[in-house]
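**Student:** Chain by chain, the residues:
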Amino acid sequence: MASAGHITPNMSAISKSRSELRRPSRRWHLKDRRWKAVNQKEPERTFTQYDVHVETPSYDDEVYENNLTHNEWTKDETDYLMSVYREANGKWPIIVDRYDYEGSTRSMEDLKSRFYTVSATVLRLQTPISSMTASDFTLYETLSKFNPKQEASRKQLAEGHLYRGRHEVDEESVLLNELQRIMLQQATIENEREDLRRRLDYPRANTNGYQYNSSSALTQLWQQLLATDRMKKNQRLRPTGHPGFDGFNSSTSARPRDSNAGLDTNLPSRRGTRDSLPSATPQNSLPVDLSAAEMVRFGVVQNQDKLPSGVTFASDRLTKPRVAKSTVQTDKIATILQHAGVPELIPLPTPAVIEQFESIMAKVHTLLDIRKLAEKEEQELKVLS
Amino acid sequence: MATLPPTQAPGPAEYAGDDITALILDCGSYSTRAGFAGEDTPKSVVPTQYALLPSGEPLYGENAIHLPRPGIEIKNPYNTDGIVEDWDTAAELWEYAVTSRLTGTRQTPASRNGLNDDKDQNGDVNMEQEMEQQADEQESPLAEYPLLISEPSWNPVKAREKTMELAMEEWGVPAFFLSKNGQLAAYSQGKATALVVDIGHQNTSVTALWEGMVIRKSLHHSPLAGNWLNNQIRTMFATQQPPVPLVPHFMVKTKSAVNANEPAVATYAEFSKPPTDSFRRLEEDRVLTSFKESVVQTWPGPGRLESSAAPGAPNGYSNIEYTRTLPPRPFEMPDGWNTVFTSDRYKVVEGLFDSRAAYTSPEQPAPRPEDALPSLVNRAINACDVDTRPTLLNNIVLTGAGSLIEKLPERLQTDLQTLFPNPKVRVLANSNPVERKFGAWIGGSVLGSLGTFHQMWVSRQEYEEFGAGVVEKRCK
Ligand SMILES: Nc1ncnc2c1ncn2[C@@H]1O[C@H](COP(=O)(O)OP(=O)(O)O)[C@@H](O)[C@H]1O
Ligand SMILES: [Mg+2]
Chain F
1 MASAGHITPN MSAISKSRSE LRRPSRRWHL KDRRWKAVNQ KEPERTFTQY DVHVETPSYD
61 DEVYENNLTH NEWTKDETDY LMSVYREANG KWPIIVDRYD YEGSTRSMED LKSRFYTVSA
121 TVLRLQTPIS SMTASDFTLY ETLSKFNPKQ EASRKQLAEG HLYRGRHEVD EESVLLNELQ
181 RIMLQQATIE NEREDLRRRL DYPRANTNGY QYNSSSALTQ LWQQLLATDR MKKNQRLRPT
241 GHPGFDGFNS STSARPRDSN AGLDTNLPSR RGTRDSLPSA TPQNSLPVDL SAAEMVRFGV
301 VQNQDKLPSG VTFASDRLTK PRVAKSTVQT DKIATILQHA GVPELIPLPT PAVIEQFESI
361 MAKVHTLLDI RKLAEKEEQE LKVLS
Chain Y
1 MATLPPTQAP GPAEYAGDDI TALILDCGSY STRAGFAGED TPKSVVPTQY ALLPSGEPLY
61 GENAIHLPRP GIEIKNPYNT DGIVEDWDTA AELWEYAVTS RLTGTRQTPA SRNGLNDDKD
121 QNGDVNMEQE MEQQADEQES PLAEYPLLIS EPSWNPVKAR EKTMELAMEE WGVPAFFLSK
181 NGQLAAYSQG KATALVVDIG HQNTSVTALW EGMVIRKSLH HSPLAGNWLN NQIRTMFATQ
241 QPPVPLVPHF MVKTKSAVNA NEPAVATYAE FSKPPTDSFR RLEEDRVLTS FKESVVQTWP
301 GPGRLESSAA PGAPNGYSNI EYTRTLPPRP FEMPDGWNTV FTSDRYKVVE GLFDSRAAYT
361 SPEQPAPRPE DALPSLVNRA INACDVDTRP TLLNNIVLTG AGSLIEKLPE RLQTDLQTLF
421 PNPKVRVLAN SNPVERKFGA WIGGSVLGSL GTFHQMWVSR QEYEEFGAGV VEKRCK
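For the protein sequence lines, the chains are F and Y, in the order given.
Just so you know, we're using UniProt numbering here: the first sequence kicks off at 1 and counts up by one.
Just so you know, we're using UniProt numbering here: the second sequence kicks off at 1 and counts up by one.
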């Protein structure tokens, strides 16, 4: 028999039963009533499975004297704490509410600290740390690590947060809104940019005006806020729908106003349908399914022509053409390139850069040829004149 | 004790409404509601006020108390704090509420003593004869069902024990439980964690509930409730130019239509002995309740009724001036006298939120500021652990028939959100007035039909073993 009863039916049961209320309840009949008067002196206790008690550490006088004494706690009060814990089902907001020991003014942290210490000690006495199971040890660790001071100051912060004034709350929402606006705009711009690049087949420069470097911090902040926001019930931030910013692929289907509506940015979620399509688009032959925009972004190219065997470096394609057979010629090429503003060292040999470089080199060669021709002509003219 | 993880769906065994039919009795200061667990609404709703004939005989029920009999007094077994004062009458009244509609009465309701003693020999002995009357003489109709009674959260220990004694000794119930109003109202909304604001007749109360358990330090109550509102309206009527004549139905024999503010053209009932003040008051309250239902409105916010209107409004233009520009609402007294109400229909409720705005008169002192609704909630919230506050503020359950004033939930919401700008405040008020009127009863009905609850009943055996004191240990 339970020594104390609390009404703590679970939520789902309550809501469930609420919907069941519509079912017609059994009619009361005189006969029933008579029979029940005899047979049902008290309701049958068939619901013992719900009679779950919370456990508290157990100790006797000796154990207490040897291990659990504390200069701010008597054994009597410790016992009382254990009884309140059981009575309150281990719910701390209820434990502090009901705790009434000779007018004590102990805080929840004081009570928790004492309870956890006693629990940890009793646990250690029952099973020495060396032979604890992993889960027992984790429990032991958690119990002994409780820091009432830290917890109290966390609460103070929480309280401060709770009572922040209208002004601060407004300011926060203004800032959040601003961030939201910036990020949405960034996403839109980036999408439009990619779309434009695709259309124009504009090679992607690695030193463009798009300030990814400075906004990476912004992106990081955004991701952090978004992640915490996602844990909350009332979400205040809306993912931009751009995986590069959000740090995850939002399940929101491509919003029509976005210029990437036709682009497939939600890769993993769409892969299934992709694979089932019979059409063998070039992308499909890659081990990783990348969109055109992403291919540009990560520098992935599909080479239609035959590749030379062995490993070659892309940077070779930027250095080798600079060297001609003669040193004079090599110097000439270097001068032209310098004049054209092509640096000697190009840090990142992306396909677009290489392509650009090669087109420049072609022009350099043409120029050299033309110069050569011009010189020859001049020479001839001099000779003739 | 009986806790399942909140995420776990209840098994079929959990619904126990069909196994054990419990009786649910919600005793309010305005009405007493009774019915079987598992039903939608209480089958029996009886006024808590009763009529006392000059002979000393009490009469219960809607029909009996509204009949103007010579010399009858209208009384209430509750005191103004919403606690039972007259136990003999309360016991009879509650029994009347159950037996008049639900179980049928027994022959001699006045002599209750000693009738339960021999019920063991009874029961199936007279099956064939089927003489209900005889059976009723032998046992109380209440002796067959586990009984769940609601109580105000500030019910003193003595009253709680007395209730248990009454149920066990006089009614011979097989099992008993006492549960707080606010707790039950939360269950009616499917909530085990909530801050319940219950606006009744004599009192408004707040109750914080954490995972099904009451946070005791949060319990607060105030007299600013339905009855107090009636008095605000009385004062408002008296101070109108010309004063509004509050004439109850029983005074009027015939009436004819008149223009607004014109004197009534009616014939009035004549009494050799005029009805008592208490009777007249009861009948006036009926008119006032319909006034509250159809005319009275709460200023929904933002801001108080008296405070200046939104920024940009002309200097000194207040919300109350704005309400004067809204279409007025007409009201007709039972004798045909009628008028329209403009801003005054807002002003009578304003005191619930802003104590300085209340009407005062020699009989009606100004309310204490801490009794206003937002202060009550504030005090309750501050008595709870910091970590529970955001959740509680997000689950404010508004209940009680007194809360049915138009736009009252909206105002509570805006006032509390102003008080706590940071956490998300959410006031849940069921849009179905029946559910709000009977919130506590419906919660009892839900609870009484839950399998988990059947661990909780205090059985007759336990009572016999431990005495009435067991109620303090078991019904927390
Ligand atoms: N529609 C309504 N609008 C406003 N007040 C109402 C309405 N119906 C009833 N009331 C008032 O509600 C009060 C009764 O509330 P109730 O919750 O039944 O009280 P109690 O639980 O104390 O018996 C009375 O003062 C009554 O006038
Ligand atoms: Mg009530």
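Since the hints were made in silico from the structure, they are not lab data.
Do not rely on the hints blindly, as some may be mistaken.
Sample of chain Y residues facing chain F (criterion: CB under 7 Å; computed from the structure) [to be verified]:
{"id": "1", "residue": "Pro54"}
{"id": "2", "residue": "Trp210"}
{"id": "3", "residue": "Glu211"}
{"id": "4", "residue": "Arg216"}
{"id": "5", "residue": "Leu219"}
{"id": "6", "residue": "Arg389"}
{"id": "7", "residue": "Thr391"}
{"id": "8", "residue": "Asn422"}
{"id": "9", "residue": "Lys424"}
{"id": "10", "residue": "Leu428"}
{"id": "11", "residue": "Val470"}
{"id": "12", "residue": "Glu472"}
So, partial list: chain Y residues that the calculated Cβ filter (under 8 Å) puts toward chain F [what the hints assert, rightly or not]:
{"id": "13", "residue": "Glu57"}
{"id": "14", "residue": "Pro58"}
{"id": "15", "residue": "Leu59"}
{"id": "16", "residue": "Glu62"}
{"id": "17", "residue": "Pro242"}
{"id": "18", "residue": "Lys273"}
{"id": "19", "residue": "Val295"}
{"id": "20", "residue": "Tyr317"}
{"id": "21", "residue": "Thr325"}
{"id": "22", "residue": "Val386"}
{"id": "23", "residue": "Pro421"}
Residues of chain F clear of chain Y, computed beta-carbon distances all greater than 10 Å [said to hold, decoys possible]:
{"id": "24", "residue": "His161"}
{"id": "25", "residue": "Gly165"}
{"id": "26", "residue": "Gln223"}
{"id": "27", "residue": "Thr330"}
All C-beta atoms, glycine included, are put in the ideal place defined by N, C-alpha and C.
**Student:** Would you mind marking each hint as holding or not holding in the structure?
**Tutor:** Structure-based check of all given hints:
1. At about 38 Å, the closest approach between the beta carbon of Pro54 (chain Y) and any beta carbon in chain F exceeds 7 Å, and the interface hint on this residue is violated.
2. The restraint placing Trp210 (chain Y) at the interface with chain F holds, with a minimum CB-CB distance near 5 Å, inside the 7 Å limit.
3. Here the hint on Glu211 (chain Y) is kept, as its CB sits about 6 Å from the closest CB of chain F, short of 7 Å.
4. Given the 7 Å rule on beta carbons, the hint for Arg216 (chain Y) holds: about 6 Å separates it from the nearest Cβ of chain F.
5. Interface hint at Leu219 (chain Y): violated, since its Cβ lies 10 Å from the closest Cβ of chain F, which is beyond the 7 Å cut-off.
6. Proximity of Arg389 (chain Y) to chain F holds as hinted, the smallest CB-CB distance being about 6 Å (cut-off 7 Å).
7. Given hint, Thr391 (chain Y) at the interface with chain F, is violated; its Cβ is 10 Å from that chain's nearest Cβ, farther than 7 Å.
8. Below 7 Å, beta-carbon pairs count as interface contacts, and Asn422 (chain Y) has one with chain F at about 5 Å; its hint therefore holds.
9. A least Cβ separation of about 6 Å between Lys424 (chain Y) and chain F falls short of the 7 Å threshold, and the interface hint therefore holds.
10. Nearest Cβ of chain F to the Cβ of Leu428 (chain Y): about 13 Å, over the 7 Å cut. The hint is violated.
11. Because the beta carbon of Val470 (chain Y) sits about 10 Å from the nearest beta carbon in chain F, more than 7 Å, this interface hint is broken.
12. The restraint placing Glu472 (chain Y) at the interface with chain F is violated, with a minimum CB-CB distance near 10 Å, outside the 7 Å limit.
13. With a cut of 8 Å, the hint placing Glu57 (chain Y) at the interface with chain F is violated, because the nearest CB-to-CB distance is about 29 Å.
14. Checking Pro58 (chain Y) against chain F by beta carbon gives a least distance of about 27 Å; that is not within 8 Å, so the hint is violated.
15. At about 26 Å, the closest approach between the beta carbon of Leu59 (chain Y) and any beta carbon in chain F exceeds 8 Å, and the interface hint on this residue is violated.
16. With a least beta-carbon distance of about 23 Å to chain F, the hint placing Glu62 (chain Y) at the interface is violated under the 8 Å criterion.
17. The interface hint given for Pro242 (chain Y) is broken, as the beta carbon of that residue sits about 44 Å from the closest beta carbon of chain F, more than 8 Å.
18. Against a cut-off of 8 Å between C-beta atoms, the interface hint on Lys273 (chain Y) is violated, since the closest Cβ of chain F lies about 44 Å away.
19. The restraint placing Val295 (chain Y) at the interface with chain F is violated, with a minimum CB-CB distance near 33 Å, outside the 8 Å limit.
20. Hint status for Tyr317 (chain Y): violated, given a least beta-carbon distance of 22 Å to chain F, over 8 Å.
21. Because the beta carbon of Thr325 (chain Y) sits about 28 Å from the nearest beta carbon in chain F, more than 8 Å, this interface hint is broken.
22. The restraint placing Val386 (chain Y) at the interface with chain F holds, with a minimum CB-CB distance near 5 Å, inside the 8 Å limit.
23. Residue-level restraint check for Pro421 (chain Y) holds (minimum Cβ-Cβ distance to chain F is 4 Å; threshold 8 Å).
24. Distance to chain Y contradicts His161 (chain F) as a non-interface residue, since its nearest Cβ pair spans about 7 Å, not more than 10 Å.
25. Separation of Gly165 (chain F) from chain Y is inadequate, the least Cβ-Cβ distance of about 6 Å not exceeding the 10 Å criterion.
26. With a closest Cβ-Cβ approach of about 24 Å to chain Y, Gln223 (chain F) is found to remain outside the 10 Å limit, as its non-interface label requires.
27. For Thr330 (chain F), the shortest C-beta to C-beta distance to chain Y comes to about 71 Å, beyond the 10 Å cut-off, and the non-interface label holds.
The structure shown violates the earlier hints numbered 1, 5, 7, 10, 11, 12, 13, 14, 15, 16, 17, 18, 19, 20, 21, 24, 25.
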